[in-house]
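Those sequence lines, one after another, are chains A and B. Heads up: the first sequence begins at 1 in the numbering used here, then just goes up one per residue. Heads up: the second sequence begins at 1001 in the numbering used here, then just goes up one per residue.
Just so you know, the hints here were simulated from the structure itself, not pulled from any lab data. One thing to keep in mind: the hints can contain errors.
What the hints assert, rightly or not - Which stretches of chain A does chain B cover? Using the computed rule of at least three CB atoms under 8 angstroms from a CB of chain B, they are:
1. 53 to 65
2. 72 to 80
3. 94 to 102
Heads up, the beta-carbon is just placed ideally off N, CA and C, and yes, glycines get one too.
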Amino acid sequence: METLIIMLIGILVAVATYLILSRNIIRIILGTAVFSHAVHLLILTMGGLKQGNVPLLKEANAPYTDALPQALILTAIVISFAVTAFILVLAYRIYQDIGTDDLDELRGAKDE
Amino acid sequence: MNNLIVLPLILPIMVGVVLVFLRPYIKLQRVFSLLTLIVTAGISLLLLNIVRTDGIIRLDFGGWEPPFGILFVADSFAMLLVLTASIVTAICLIYAFSSIGERHEKMYFYPFVLFLVAGVNGSFLTGDLFNLFVCFEVMLLASYVLVTLGGTKRQLREAIKYVVINILASWFFLVALAYLYGTVGTLNMAHISERVAEAGQGPLLTTISILFLIVFSLKAGLLLFFWLPGSYSVPPTAIAALFGALLTKVGIYALFRSFTLIFYHDTLISHTLIGIMAAITLIVGCMGAIAFKDVRLIVSYNVVIAVGFILIGLAVGTETSIAGSIYYVIHDMIAKAMLFLLAGTMIYLTGKSKIDEMSGLIRNYPLFGWMFFLVTCSLAGIPPLSGFVGKILVGQGAIESGSYILLALAFLSSIVVLYSLLRIFLNTIFGETIISLEDEKPMKMGMIIPIVLLGIAMISLGLGAEFISDYVTDAAHTLANPSVYIDAVMGGNK
C-alpha cells in the first residue's frame, strides 16, 4: 500500500512540476495546489498508513495509529488554502491592472 | 512567569485582530500598534534577563510535556533576536506614520505589520519544527499582503514571483518535515536532536538536512537569493525596511538552529556546503552591489552580502565565530533597516532613484547626509560602530579553524560594501548641489527621527558591545553545545 501511495505522490509531483513550469499564472497556481496535495499524502505515508486502532486510550486496544500526521495535514491544508486564495486574488488583480496572465510579460521593466 | 514567553507572539496577533475592526481610526491604530511593539520589546528585555539568571525557559502549551506537545523555548539567541526585531519594527512604524500615506493606513497596514512581527517572533521562539513552519507561514502571508499593498504595477509584477517562490519553498519545507518525521518520529527540535544523536547522522539524515538547507536558504537568501532584490525594492520604504531587517534574518535563525542543534554530527557535507554557498553568495552579492545604479537595488544586494557574511560564521562553526554571527545579525537588523529608510528617504526627497541623477544632498539635508555616512562606516565595520565586533569575532573564528578562503572573502566583501555605499554617498550626498534651496522638499521630522534613532541604536550597540557580550556569549554557548538546549527542554518539568 505504501509503495502504491508513493507512486501516486510521484505522479502528482510530476504533474505539478509540469504545470508550474508553464508561463500561464493560472496553471502555476494549479501546480502549487497539486504540489500541496502531493505533500499531504507524503506526510500521511511517512507517518505510517493505518496500522492499528483509533488512538483513544482505554477505549481501543493497542497498537494505535499515529494521529499526528493527520493533525499536521489539517494545519497544512488550512495554510495552503489561505495561500491559494491569496494568490488567486493576486493573479486576478494582475490580470486587471497589467492585462496579462503570461509570466514572460511580467519580467522586469526595461529601465532596470 | 513562563507564560510571558508566548506574549511576543500573542500580543501582536490580538492587537492586530482588534485593529482590523478599528479601520477608520488611523490615530488609534498608530498608537495601539506602536504601544504593542514597545510592550513586546519590554517583555523580551525582561525575558532576556530572566534567561540570563535562570537559564533557558520553556512553555509547554496545554501542559503537554515535551516531546508530546508544542512548546516555546526562550534562550538568549532567540530573545536577543525578538528584542531587536521588536525595536526595529517600532522604529520602522514611526517612519511609516509620516511616509506610508492614508491609503495604506486604511488598508490594514498596521494589523499586517503586527501579524508579520508575530510570525517573526513565533519563528524565533518555537521549539517545535512543525510550529516553525506555521510561524513561517504567518509571517509570509503577512509579507505577501505587505508586498502587494498599494497595488502598483511594479509591485504586482514582483509580488507574484515572490509569492510563488515562497510557496515552493514552503512545499520543500513540508517535504523535509515529512521525511524527518518518517525517519526520527518526532517534531520537537530537542527530541529530534536526541534521536539523531542516538541513531547517528547517516546518509539519509544528511540528505534531509540538505533539504532543510535548501528551504532555509531560500528564505534567508543564501545563494538562492534571485527573488530578493526584485521583491525588496518594490514596496514602500517602511515596508522594504521591515523586510530587509527581519525576513531574511528568520531564515538565518532557522539555519543556525537546525545546523547547530540537529544536524551537527556530520559537518563534512552540510557545513562545507553552507561554506561554499556563503562564499558564492558573497561574491555574487558583491557583483550585484557594484553593478547597479538604482539605490534600492544596491541596498537590496547589500542584504545578500550580509547573509553570506553571517553564514560564514555558521560554516566555520566555532563558538567564537557563532558569537560573531550573532553580533552581526543584531547589527545587521538595525543597519539594514536604517539603510533602507535612508535609501527610501533619498528617493522621496529627490523623486529619483538612480545615483547619477542626484547630487549634493548634504547641502540641503546635512543631518541626513551624515547619517548615511554613519551607516556606511558601520556596515564596513569601522571600530566604534556596531559592525566591528561581529566582523572581528567571525574573523577570529575563521582563523582558529583555518578557513582562510572564507576569511579572505568575508573581509573582501566588507571592502566592496564600503565601496558600493561610498559610491552612493559620493554621487548623491557629496558633489554639486542641484536642488536649489527654493525647490527643496522639506525633510519631515517623522522621517529623520527614526533614522536618527536607528543611528543611536547602532552607536550604542557598538559602544555597549561589552554590555551585551554576556548575552551573546551565552547564546553562542547554547548554540555550540546542543546539550544545554536539550537538557533545558527535555529535562523534567520546570
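Checked hints:
no. : hint      : verdict
1   : 53 to 65  : violated (count 0)
2   : 72 to 80  : holds (count 4)
3   : 94 to 102 : holds (count 3)
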